[in-house]
Amino acid sequence: MPILGNVIGEKFGRLLAAAQGGTGEADGAFSALWRDANPALLRYLRVIAPDAAEDIAADTWVQVVRGLGGFRGDEAAWRAWLFTTARRRAIDEGRRRSRRPVVSLPELPDDAGPGGADPADLVLEKLSTAGAVALISSLPRFQAEVILLRVVAGLDNQAVAQLVGRSPGAVRVAAHRGLRRLAATLRERTGTR
Amino acid sequence: MTRREPRGEQSSRPDRPSEERSLEALLEGSPLPGGDRARWQPVSQVLTALTSVPESNELSGEARALAEFRARPLHGAAPARAGHRGRVTWLRRVTRPHGPRPAVTVATGAVLIGGLLAVAYAGDLPSAAQRLAHNTIDAPAAGRGASAGPDPAGSSRLGIPAGQASSPSGHGSARPDHRTPHGSASGSPRHHRPSSSPSGPAGSRPSAHRKPGHSPVPGSLRPGSSGPGSSGPGSSGPGSSGPGSPDPSGSPTDSPSPVPTQQPSPSASLAPSPGATPSPSAAASATGQSRHHRNPDPAGTSSSPP
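Top line first, the protein sequences correspond to chains A and B. Under numbering that gives the first Met the number 0, the final residue of the first sequence carries the number 192; numbering is consecutive throughout. Under numbering that gives the first Met the number 0, the final residue of the second sequence carries the number 305; numbering is consecutive throughout.
By construction, these hints were calculated from the structure, which means they are not laboratory data. Because the structure is a prediction, the values reported are computed rather than measured. Quick reminder that beta carbons are idealized off the backbone N, C-alpha and C, glycines included. Just to be clear, a hint being listed does not mean it is correct.
[As the list claims (entries may be wrong)] Covered stretches of chain B (in silico footprint by chain A; criterion: 3 or more residues with CB under 8 Å from a CB of chain A, positions within the stretch not fixed):
id : region
1  : 46–53
2  : 57–65
[Said to hold, decoys possible] To give a feel for the contact side, a few chain B residues facing chain A, derived at Cβ under 10 Å:
id : residue
3  : E19
4  : R36
5  : R38
6  : W39
7  : P41
8  : F68
9  : A70
10 : P72
11 : T135
12 : I136
Using the sequences and the hints given, assemble the complete structure.
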């Protein structure tokens, strides 16, 4: 089952307090928070900013560390804050790159995307994370983004709407359309109906 | 929220509510409704792969993040907003519109104010100004300068008009306590800030931490007096035995009963006699809070999302 909602769960409050406290446990607590959130962050960024996902993720954590002492909230708020920061950094990076176009290497290996893979090889049971990210990347960007924020970031519809600046209805519709399109793509690729 | 079904499509999608539920279940990670499981299983597998366990390349930046975390300022860090550099730049521009000028102005003002305060407490202002300072910030009164009173510097530090406070300052002042061989819990129990006075320099407040049973002997603190319980070195409390122990000779002009005027103390009524037991209030005030000062827990516990 997808990991959604509270990932750290009940330990989050204690970890956050330890990370904010500056005591000897702070490093370990921060590492736990980082290990929990960074993979999701990277997967999200690899879809919305594939050329600079690693850099944006690093910059995001710099911002988060600076503001960590003042953060108050539960795990859902924490993740919303994290992904909001990442999204804005991605937007900034996109603007910067549009002013200075940069030739970048593709983030994913050639055989990770559905376009380059033989449909017969698309074995969903053994689909890697990179392959899944590539499949989501084939969707229209807004649909892909909201699906990632719902599924990977674990945010609810309301939080995603607030993050992307759209209405909850628009976000729900986009997510559903994205999933339908994904289902259709998979049917085509696997030759099933 | 009302959904408007496009005309002509209603009949072709009779299972739309069911489909909506399945899609929401996929997004939430809930079990799929039985009838739709086969239909949405491939999508479910993709979403499962999206949320699989972290891969090694997704955890490789931990050291860098931890280095940033360790380098953070621990206190006084302002909460960060989920903004971008533009906001930070804008903020810098707003707070420093003209470069270093406001900072220089503030620093100059602080120096000036500090200088004025120092002069006021030294009693060297013009009389009118000194009177004003006396009325507002408890500086020495006009006409009473730094030299007036037994401990003008100490008393002035406490805001006590010079000449009134016959006791040394209660904050472990650096001025040797020449009136109180023990230092004086007796002298000014009111002034004891135990957290600040242990081992005060020059033995100024040895009695701040005097335990009951030791004898801060009010009134016995004559110059040179040293009865039982009075402080020889190391006798009565921290600060009394270290270097700079109070000079037992004291000042001949010091009152034998160094009692703070702001707070009546039972000790003031005690006859100056060696071995006299300390007043309960003096002892209590001297010792009660000395070791229990606690800082508030800085850990934040309120919950308000940024």
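Results of checking the hints against the structure:
no.: 1; hint: 46–53; result: holds (count 7)
no.: 2; hint: 57–65; result: holds (count 7)
no.: 3; hint: E19; result: holds, 7 Å
no.: 4; hint: R36; result: violated, 13 Å
no.: 5; hint: R38; result: holds, 8 Å
no.: 6; hint: W39; result: holds, 7 Å
no.: 7; hint: P41; result: holds, 4 Å
no.: 8; hint: F68; result: holds, 5 Å
no.: 9; hint: A70; result: holds, 8 Å
no.: 10; hint: P72; result: holds, 8 Å
no.: 11; hint: T135; result: violated, 37 Å
no.: 12; hint: I136; result: violated, 35 Å
When held up to the earlier numbered hints, the structure conflicts with 4, 11, 12 and fits the remainder.
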